[in-house]
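I would like the entire structure built from these sequences, with the hints used as guidance.
Single-letter residue listing:
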Amino acid sequence: GWGCAYRSLQTIVSWYRFQQYSSINVPSHREIQQVLVEIGDKDPSFIGSREWIGAIELSFVLDKLIGVSCKIINVRSGDELPEKCRELAIHFETQGTPVMIGGGVLAYTLLGVDYNDASGDCAFLILDPHYTGSDDLKKIVNGGWCGWKKSIDSKGRSFFLKDKFYNLLLPQRPNIV
Amino acid sequence: MAAAAGGGAAGGGAGATGAGGGKVSFKIILTSDPKLPFKVFSVPEGAPFTAVLKFAAEEFKVPPQTSAIITNDGVGINPQQSAGNVFLKHGSELRLIPRDRVGAMVASF
Numbered sequence: 001g002w003g004c005a006y007r008s009l010q011t012i013v014s015w016y017r018f019q020q021y022s023s024i025n026v027p028s029h030r031e032i033q034q035v036l037v038e039i040g041d042k043d044p045s046f047i048g049s050r051e052w053i054g055a056i057e058l059s060f061v062l063d064k065l066i067g068v069s070c071k072i073i074n075v076r077s078g079d080e081l082p083e084k085c086r087e088l089a090i091h092f093e094t095q096g097t098p099v100m101i102g103g104g105v106l107a108y109t110l111l112g113v114d115y116n117d118a119s120g121d122c123a124f125l126i127l128d129p130h131y132t133g134s135d136d137l138k139k140i141v142n143g144g145w146c147g148w149k150k151s152i153d154s155k156g157r158s159f160f161l162k163d164k165f166y167n168l169l170l171p172q173r174p175n176i177v
Numbered sequence: 001m002a003a004a005a006g007g008g009a010a011g012g013g014a015g016a017t018g019a020g021g022g023k024v025s026f027k028i029i030l031t032s033d034p035k036l037p038f039k040v041f042s043v044p045e046g047a048p049f050t051a052v053l054k055f056a057a058e059e060f061k062v063p064p065q066t067s068a069i070i071t072n073d074g075v076g077i078n079p080q081q082s083a084g085n086v087f088l089k090h091g092s093e094l095r096l097i098p099r100d101r102v103g104a105m106v107a108s109f
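The listed protein sequences correspond, in order, to chains A and B.
Position 138 of the first sequence, counted from 1, bears residue number 138 in full-length UniProt numbering, the numbering being contiguous throughout.
Position 33 of the second sequence, counted from 1, bears residue number 33 in full-length UniProt numbering, the numbering being contiguous throughout.
Mixed in with the good hints, there may be bad ones.
[Stated by the list, open to error] Cut-off 16 Å, straight-line C-alpha distance, at most; resulting in silico cross-link-like pairs (EDC-like, lysine to aspartate or glutamate): (1) B:LYS54 / A:ASP41; (2) B:LYS39 / B:GLU58; (3) A:LYS84 / B:ASP73; (4) A:LYS164 / B:ASP33; (5) B:LYS89 / A:ASP63.
[As the list claims (entries may be wrong)] Covered, in the sense of this in silico footprint (three residues per stretch, anywhere, with C-beta under 8 Å from a C-beta of chain A), are these stretches of chain B: (6) 27-41; (7) 68-75; (8) 87-100.
Treat the hints as calculated values from the structure; they're not laboratory data.
For each residue, glycine too, the CB sits at the ideal point set by N, CA and C.
This is the structure:
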């Protein structure tokens, strides 16, 4: 229960590989930690630890390993996240990169949003970085490890926490001539 | 390092670099406060940006270790570079945000 944000980063690096923007290997947790020490963001004692990281650290690692920049959206409360749906929809249309959401104590990987212009209702396509099973798409989808979550479910519960701030990491495609 | 407090409204223009051994100014907004207070910091170009981050966090009374600085457009800034470099690449209007540290189990719905 400490590596979620690292795994979200691995998904993002994997995306850049599949899109042929990079041929680096997907870094291990340790390699991610080494990058953060190398660039001076963390002390050497960080390597081998189970310390949590967040959106900012992910942006540093992506910059160092792949040379891509990231946009960061900071919201003061989980309640504000649905307002960002339109901006996220534009991100998925223009950039298409997976988004990492960090807040409370949880890390999520966001792969898409569904936004109803008329009602303002929105849903998030979440990839759960906690899955540890095999690469079986059926298992992953049927088990809810990758699925749509509404911002407010049928019981009126919010998916995102009102009293926590969230940072969203929106990796950008490299500008290649 | 000089600092001046400011209100919530958008302030004046970009900071100026002096000729030779100059200073750069940053207007840093505290995003975690709904009133969006800002302070202006004037530092030597060669100063490490980590010092700007630390000083800004202290002035705003938030922990420097769990704070980060991003541009107004939301681009993350690695503080391991000089203030002059940051000014050239990103300009002078910046935001101080809290760092998320995450890793626990995702609750399933």
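Taking a Cβ-to-Cβ distance below 8 Å as contact, does the region 87-100 of chain B have at least three residues touching chain A? holds (count 5)
Assertion that chain A covers the region 27-41 of chain B - criterion: three or more residues, beta-carbon distance below 8 Å: Our answer is that it holds, as 3 residues pass the Cβ test (under 8 Å) against chain A, meeting three.
Does B:ASP33 lie within 16 Å of A:LYS164 when you go C-alpha to C-alpha? Holds: A:LYS164 and B:ASP33 sit about 13 Å apart, inside 16 Å.
Does B:LYS54 pair with A:ASP41 here, judged by a C-alpha cut-off of 16 Å? holds (13 Å)
Is A:LYS84 close enough to B:ASP73, meaning Cα to Cα at most 16 Å? holds (14 Å)
Holds or violated: B:LYS89 to A:ASP63, with C-alpha atoms at most 16 Å apart: holds (15 Å)
Would you say the region 68-75 of chain B counts as covered by chain A, given the rule of at least 3 residues with C-beta under 8 Å? holds (count 5)
Just to be careful, I want the Cα atoms of B:LYS39 and B:GLU58 compared with a cutoff of 16 Å; is the pair within it? Roughly 12 Å between the alpha carbons, so the hint for B:LYS39 and B:GLU58 holds.
Of the numbered hints listed earlier, not one is contradicted by the structure.
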